[in-house]
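Using my numbering, you'd call the opening residue of the sequence shown number 1 and step up by one each time.
Here are the computed lysine-lysine pairs in the BS3-like style, where the Cα-Cα straight-line distance is at most 30 angstroms:
#, residue 1, residue 2
1, Lys105, Lys14
2, Lys73, Lys14
3, Lys76, Lys105
4, Lys14, Lys78
5, Lys73, Lys114
6, Lys78, Lys114
7, Lys76, Lys14
8, Lys114, Lys76
9, Lys114, Lys14
10, Lys78, Lys105
11, Lys73, Lys105
No wet-lab data here; the hints were simulated from the structure.
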Amino acid sequence: MIVIGGSASTDLAKGIATELECEYIEAVTVRFPDGECYTRVDREALEDDVVIVQNTYPDGNLVEMLLLEDVAKRLKAKTITLVIPYFGYARQDRVFRSGEPESAKVMCEILGMKADR
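Can you build the whole structure from these sequences, using the hints too?
Here is the structure:
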């Protein structure tokens, strides 16, 4: 198993990897001047079960997690598990008034597109 830490959750990711006695990889993340996220995992292939640890608040962290999922998939992760210590958009877990989105459900659907759990 490999644990990848996003920029918002590196300490927790390191702790999880230590506790599970597995490999830890810190993702390289840079913010461009316009706020866009560049993320890289310094490996040619993963070919193992991968756990990605990242908060999804603020929005930039959510984008970083989506990019890390894509990287893990491209590097042939066997499975992808997301650990989200703080799940942004969880407050809107149902529609309270007509015209509102069910934000938590939408975020789960988006995050789950490439993840196994």
